Every structure is written in structure tokens, then in C-alpha cells.
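Asker: Sequence:
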Amino acid sequence: MLAAQRKARILEEVSLAGAIRITDLAEKLGVSEVTIRRDVETLANQGMVDKVHGGVTSNSLSSTLEPSFDSTSKKEQGAKDAIAKLAFELVRPGMAVALMGGSSVYALAKLLKDLPNLTIVTNSVPISDLFAQSPRGDQTVVLTGGVRTPTDSLVGNITSEVFSRFNLDLVFMGTHGMDSEFGFSSPNLVESETNREVIKRSQRFVVLADHTKWGMRGFSSFASFEQADVVITDSQLPKTALASLNESVRDVRVAQIR
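Numbered according to UniProt numbering, the sequence shown spans residues 1 to 258.
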């Protein structure tokens, strides 16, 4: 693994965990602790992370770090599957549905594969690939163009232009962060701009967000709590956070997980 690849992985792991030990990073990356310490020193000097005794933590700049689709898809899978089941109840045959990028929406896409008479518009390469594996004659899947992000989503002016041509019944959207003051947010400024445009094209805006998203702030907000028609989260969300959502969101649904 090249030094640049190692540093990217370190930033990704720190972004996901918030804090991680040097020994754990060395094990995950398959290199020595000395090598990890050297990489962390470089990243800390660049202001990307903070060094602590025996480990490394994210700092205020971590709001711009965007983990890959592969890494996020392995996190909180039980919660995402439970959330997806509740989201599935909102979809009916004959609807035009936007499925935006991210692992939470991908979990929903797996359930929608067998639902007839759907029109799917997506900016997610993994979701497009999923439907392409077993295409149905009664489903139409439109993959937008755009610039690819680390989450394998397509964003930018081309993406927004494609979505502007449609009138959508539902848009399902994940979020990097969910904060009572900052709303729903992304580390990617262009992705936030794209999300804002897509929300305008849909009759109902549905956010899928597991409990780990609470209190996190990405670099750019794309919607306030009040703008969401439905928020689907899971039962591990703290009671105070759930109360905050209920104060601002019309319809909050909680998926039960063990």
C-alpha cells in the first residue's frame, strides 16, 4: 500500500470512528505502528487529525472528510436494514422514486428490486448496478451523469439537470450528519447542492438516518429538519434526540432493532 493510500485509509477510519488507537490502525492496514505514527504525524501537521496519547482523533476539519461507500456499507447494517423495511412501506407500484447515494438508501434499494411498475431515478452507481443484476420489464431505472464522489454517488450540474426533468413521488436520501441546529448535512459541498435541487423535484422528502448520525455535522447543510416530510431512524437513537426530531419533523418513524 502506497503512503497516500495509507493516509487516505487513516482519514477514513478516523472519520468513521471519531477516535482510534494506533495499534488498531496498524492492524487494519497491515503495517507497523511506526509507519502509522509517521503517517499520523504528517496528517496532524497538515491539520487533518489530532494526535492523542496512543491514538488519533478527528478534529473540526473532519466535517469535510467523506468515507467510501464500501466502508459505510459495513457499519450499522442491522439498523440500516430495519430502517429500510419501514421506508419500503412508503413505496407503491406505479410510483416514480428517487434513490440517492449512500448505504442506507442502498439497503432500501435491495427491497425495491422485486416491486413492480416502478420508475427509479438514482445518482448511485451501486444502486444502478444492483438493479442491473436482475432487470425487470416493468421497472425503469435511470442513472444520472455527474462527478463521482467517494460514496460512489454522481453529483454536480449534470446530475441536477437530469433530476430537473422529472416529477418524483418520493425521494429517499441518506445523510452524513443530523443535528438539531445544522439539520441534515454532507461533507461534500457539491453533493449538498445536488441534494437541495433534488428535494425540490419530489412531492415527499424522506431521510434515512441511523442513530450514529445524530450530533454529526458535515461541511455543508442541505436541508433543515422542518423541510423533511419523513425521517426514519432506529430505536438506538437517544430519547432527547428523538424528542428534538419530533418537535420539527412532521413524521418521525422509529425502526426497532435489538
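Since the hints were made in silico from the structure, they are not lab data.
You may find that some hints are simply not true.
Result set (DSS-like, lysine-lysine): computed pairs, CA atoms no more than 27 Å apart in a straight line [to be verified]:
no.: 1; residue 1: K200; residue 2: K113
no.: 2; residue 1: K28; residue 2: K7
no.: 3; residue 1: K51; residue 2: K85
Restraint-style ranges between C-beta atoms, simulated for each label pair [claimed, not checked]:
no.: 4; residue 1: A8; residue 2: H53; range: 21 to 27 Å
no.: 5; residue 1: D138; residue 2: V34; range: 55 to 61 Å
no.: 6; residue 1: S248; residue 2: H53; range: 36 to 42 Å
All of these numbers come straight from a predicted model, not from anything done at the bench.
The C-beta atom is built at its ideal place from N, Cα and C for all residues, glycine as well.
Asker: Taking the hints in turn, state whether each one holds.
Answerer: Structure-based check of each hint:
1. With a CA separation close to 25 Å, the supplied pair K200 and K113 stays within the 27 Å bound.
2. Restraint check: the Cα-Cα separation between K28 and K7 comes to about 13 Å, which is no more than 27 Å; the hinted pair holds.
3. With a C-alpha separation of about 40 Å, the suggested pair K51 and K85 falls outside the 27 Å cut-off, and the hint is violated.
4. Between A8 and H53 the beta carbon distance is about 24 Å. The supplied range of 21 to 27 Å therefore holds.
5. A C-beta distance of roughly 58 Å is found between D138 and V34, which places it inside the suggested range of 55 to 61 Å.
6. Against the hinted window of 36 to 42 Å, the Cβ-Cβ separation of S248 and H53 comes to about 40 Å, which satisfies the hint.
Going down the numbered hints, you'll see the structure goes against just number 3.
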